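The chain contents come next:
There are 2 protein chains.
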Amino acid sequence: MELPASASIIIALSTSLAGIGFVGWQLRKILGYDPGNEAMRAIAAAIQEGATAFLTREYQVLAIFVIIVATVISTFLQWQTALCFVVGAIASGGAGYLGMYVAVRANVRTAAAASHGLHKGLRIAFGSGAIMGMSVVSFSLIGMTLLYLVFNSNPNQLIYITGFGFGASSIALFARVGGGIYTKAADVGADLVGKVEKGIPEDDPRNPAVIADNVGDNVGDVAGMGADLFESYSGSIIAAATLGATLSSDSSAAFVGLPFLVAAVGVIASLFGIFMVIGKNQDTTQMSGQTTNLSQTATSSSRIGAYFMHFVAKIDENATLEDLLTALRRSIWGASVVVLGLSLIAVLVSGVSINYWLVILVGLIAGNAIAYATEYFTSYTEKPTLAIAKATQTGAATTIIQGLAVGMMSTVLPVLITAVAILLSIWLGHRADGTITAGLYAVALAGVGMLSTLGVTLATDAYGPVADNAGGIAEMSHLPAEVRHRTDALDSLGNTTAATGKGFAIGSAVLTALALLAAYVTAAKIDNLNILGPTMLPGILIGAMMPYLFSALTMMAVGKAAHEIVLEVRRQFHEIPGLMEGTGQPDYKACVGISTESALREMILPGSLAVVVPLLIGHMLGKEALAGLLIGTMSSGFLLAVMMANSGGAWDNAKKWIETGQYGGKGSDAHKAAVVGDTVGDPFKDTSGPSLNILIKLMSIVSLVFATSFGSGLLNF
Amino acid sequence: MELPASASIIIALSTSLAGIGFVGWQLRKILGYDPGNEAMRAIAAAIQEGATAFLTREYQVLAIFVIIVATVISTFLQWQTALCFVVGAIASGGAGYLGMYVAVRANVRTAAAASHGLHKGLRIAFGSGAIMGMSVVSFSLIGMTLLYLVFNSNPNQLIYITGFGFGASSIALFARVGGGIYTKAADVGADLVGKVEKGIPEDDPRNPAVIADNVGDNVGDVAGMGADLFESYSGSIIAAATLGATLSSDSSAAFVGLPFLVAAVGVIASLFGIFMVIGKNQDTTQMSGQTTNLSQTATSSSRIGAYFMHFVAKIDENATLEDLLTALRRSIWGASVVVLGLSLIAVLVSGVSINYWLVILVGLIAGNAIAYATEYFTSYTEKPTLAIAKATQTGAATTIIQGLAVGMMSTVLPVLITAVAILLSIWLGHRADGTITAGLYAVALAGVGMLSTLGVTLATDAYGPVADNAGGIAEMSHLPAEVRHRTDALDSLGNTTAATGKGFAIGSAVLTALALLAAYVTAAKIDNLNILGPTMLPGILIGAMMPYLFSALTMMAVGKAAHEIVLEVRRQFHEIPGLMEGTGQPDYKACVGISTESALREMILPGSLAVVVPLLIGHMLGKEALAGLLIGTMSSGFLLAVMMANSGGAWDNAKKWIETGQYGGKGSDAHKAAVVGDTVGDPFKDTSGPSLNILIKLMSIVSLVFATSFGSGLLNF
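Chains F and V supply the protein sequences, listed in that same order.
Quick note on this note's numbering: the first sequence kicks off at 3 and runs consecutively.
Quick note on this note's numbering: the second sequence kicks off at 3 and runs consecutively.
The hints are simulated quantities; they were obtained by calculation from the structure and are not laboratory data.
Check before you lean on any hint, since a few could be wrong.
Chain copies aren't distinguished; within one or between two, either way the pair holds.
To be verified - Straight line, CA to CA, 20 Å or less: simulated SDA-like cross-link-like pairs of lysine to any residue:
| id | residue 1 | residue 2 |
| --- | --- | --- |
| 1 | Lys591 | Thr54 |
| 2 | Lys392 | Asp671 |
| 3 | Lys385 | Thr58 |
| 4 | Lys674 | Val198 |
Just so you know, these numbers come straight off a predicted model, no measurement behind them.
Whenever a hint applies, use it, and build me the whole structure from the sequences.
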């Protein structure tokens, strides 16, 4: 028995429509929660306004970018690819907009709910993250499946759809790089004047950059992360389908359909995982010290959730960080189990070798293993981060050295896991089909498997900034200490899930880039990619250099943008009477505007490089050199991204560990050294590191889209 | 007309014997200089004793290592390769010993000569560096040519000689990695207790770690750098000869001989360059304000020097740093011009295409271009370092971020230069001979060209620590301020040449590693190195990870070793009565012993990884995966090494810039931030960064030596 590709497409389309249904239902539910008192609502409105201002401005610039690139594509390639490009950009942009829209409304509701209990707060924040997660997978799947159906009779349909991936990558570039610069510039700018010069605490409403800082959390960690993973998700499916179509076997239709089927299965599994966290009966959450059991939840008002109650995490008011983490982890594991079960059926129905199911298993395990390795290296309950905390005792220099060493050391496991996953996937594919292409198809499918539960993994991730914002709002509106205490607990949890999310993002970026590279080589009709060929090594070296150049530019961009904020904040403290005393009103908008403009300006150079360099190398040195370039960027970028993300995460948590009272606690010399580490880590983990994911994927997708245009280059060998 | 290979070999042997003659003559001359007063001699004796203690201990450990590896080689490969391995180790070890021997005797004589004038000091320090430089090239050439002649009739002679390269690599591992850990552990240990805790100045004789620190300068920058470049020098010649032998053309004998001829030409050119600096008449140097001209030098006692007087740099007592730098630069340029002229004759005599002469030109230009790029990014007269200095005003965190960004940015030019050099070399070789192997032979030959002037470039480099030591001795023996002022000028110059030397070392390491990789692929009989082959990508990823793991281990090693020194220095200040008051006598030997033992202990793990991982991957995943591993390590290691070396150099010079009185000068907050940068930079530029050169080359040469032992791996595709 064999399933036609279009049947798989229609199944994927249907499940993603169900995902949209969930998003609508959850959105209504969250907006229905209490938005807090007047002070809270005023602050939230300012954040909403700032976020909207940033997104509007970003989308204006993006619109110009999209029009230019679409024109280039339809001039040099086909109008169909240009159309797909535009649809990809709109789908990713739409998901990002929706995620931000709810995040900046869920924050104040989370703060209000945290007045009543920990789980209530968790549910709203997580529900907001779930909207982001499900929007990303649903919008991506709907876009791709509809385009597939539109071009159904065209033999180039999959080539056109690569344009969708390019569109998604373009949004990711703006959201991740621009957003990354925005968020850290606002953060550093706010801290440098507020904390350091004026001695006022974090999230103090007198600080003119405080709203920009809170907007930044959403811009970077909601919209940025969402767009990044939207790109990975779309890219891995496109790459798998493209490679599947070239498999010489009779069942190439099944190979094209399988990644869509796995994605469809993942949508269902993600919904299952999400309900494991949010499905708990609202009415029982305030019974402090008690745990939920099946009989209680039988009375649940949330009917869909009730079916899953047996799996629902036990969270009560005395829940520790560990309990909350367990709840989130169980939801991801639950979703993984569902994916495995359903994808076994999918593989059987598709009529392909059972090896491809094992490949999905490999992808899922690898994704989770990388996430755990990341957690080990960045959590302050573990040795690596504690070693950094210890190093703070001998000053800032040893703190930095130890942090960099930890970051470098933390690359070993993710690389080994990825290498083994690639090796196993290729081996399994090869065993099933006997060709190298089958092996590469298997790698792409492993990527699809890894990302299949994205709906819920992204939910655990995008929930963080909502909790962080909630804490800021609680602080600024002077809510009772216990509320802030609860939002802090949620925020801590968010830091851990953000770190693992980053590991997941880079791991999936590498698999996606690799799959796109394989698709590129196939599309460019490169028969033999001899590594000692005349132009390969220069290509590899230049490729390996790209992440360094890109990181240098983004790190310096943060510095420049932050400097502009510092000047503006200083100006306001100087010129606005009574600002320091709390009687004057700071001009939040001015800071938001400066962050926005400088972030968009500073991303132009690194962003252009990511698009232009592959085209330049491909045309100047030929298509083989371009393949070398992509391999160099992928391998070097993977390492640098993991190192930067994990050094940054570990520094952050080493500081937090000291703030729990270790080595003299806040204000001690050790703490000062830890703050230096944390400040260095900020652009590492929130700007440059994550931006490398985009660089890796964007360069690959640009090469794939323009694959047919490259020749043998200018040098004649 | 065509030259037989053995004729080239004999020419190379003869010129290197001339090199040895120069070494003996110069050694006698330097030892004849005034070794200063009693206090100076006592300090110098302590440094000599410490250096000997370190070398003796290191060579003991090395002897065991060499015996074990030689046994392994003769068991699994051939006894001839094992013999070559031992000879390579002895030759490199001998050059290192000689270089150290003279450096720790030239230091005190430089200090004494600096009492009389700047150029006198320069000449002794530079002469000492010249002994190191000429020993390295001569010992390497003598060893290889003799082994070639011994195995003259054996068709495997070149395969055996790869063992020589492995022997040289083993010494480099100990000298560069062990030495790098030693030097920074002693430096950091001495500073942490001396400067920070006790508030006594640098180079204060009361500090028990002061001798270990001075020994460390020689261990790291003389013996370490020398062994590093000995390895590159030997490796590039071996790789070129090995590839030359496989060229299908009729003139393969000429191709084998050419690298030796180019090296021979380089020996002559280096001697020319060296005399441009040291050839000035001794009797005229004290005529302050006057410059040397041809008529004065006609009376010169140094007869060989007299012929070159027209080119001799004009150095007088009022010479600025820029003048001194110009003198050294001119010597390198002079040598380059000689190499180009003579190697044109060599190419013509060999009867090979003129393209190969162009390749030598490409190598020479690339080496110098990388050195200049390095200088631009690390000199405090240029923008990048000044930007770091500016960033110190906003604290340690921005200093670190800016320094890392500068380091990352500084990778762009060296990578582009190397990529273009590889591309041009391959293109020229390809044009001349039409095969891929000819192109790779050309790359190896470019490496030989780049390193041909090593005798003089290493002299400009190994001179630095002698000047540094001279300053320390002047300080400790309370010589007049003007003497210290002169040694400081010499030391500053040394810092600049050390930075460019590091750029040169990494650039040559990459070309050598690439040539060795090509030789490995040929020797392992790999026909097709498809980059998308089943095991290549995992190989590349693991390879790209190795430099990160290696750097993490070496950085942590410095931390651990420094910690032991700190404890010992604290103990001595605590237990030895009157130490702080200057009446007690510190136990220098104890600190030297601890540095030695901990450095040798801490290098075991990273060192073993460099040898074991290629063997493991080659046997487990097969010979193709091993090629991928080498490419990954080479590209990722190149980037990381350049970044670390240049960040470190730039931080160092940013601090020095502030110490000239900028931004508040010494003791200001900006200076404190700059010190943090400099301290982070220390293991970057002196331990981890340079150690990566060794990693890259050692992994390649291990693979080449064991090339025939690898099969298709355990996974069956």
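Each hint tested on the structure:
1. Lys591 with Thr54: Result: close within a single copy only, 11 Å intra versus 68 Å inter.
2. Lys392 with Asp671: within (12 Å within a copy, 24 Å between copies)
3. Lys385 with Thr58: Intra 44 Å, inter 37 Å, cutoff 20 Å: neither.
4. Lys674 with Val198: Both, since 11 Å and 17 Å are each at most 20 Å.
Hint compliance for this structure: hint 3 is the single one not met.
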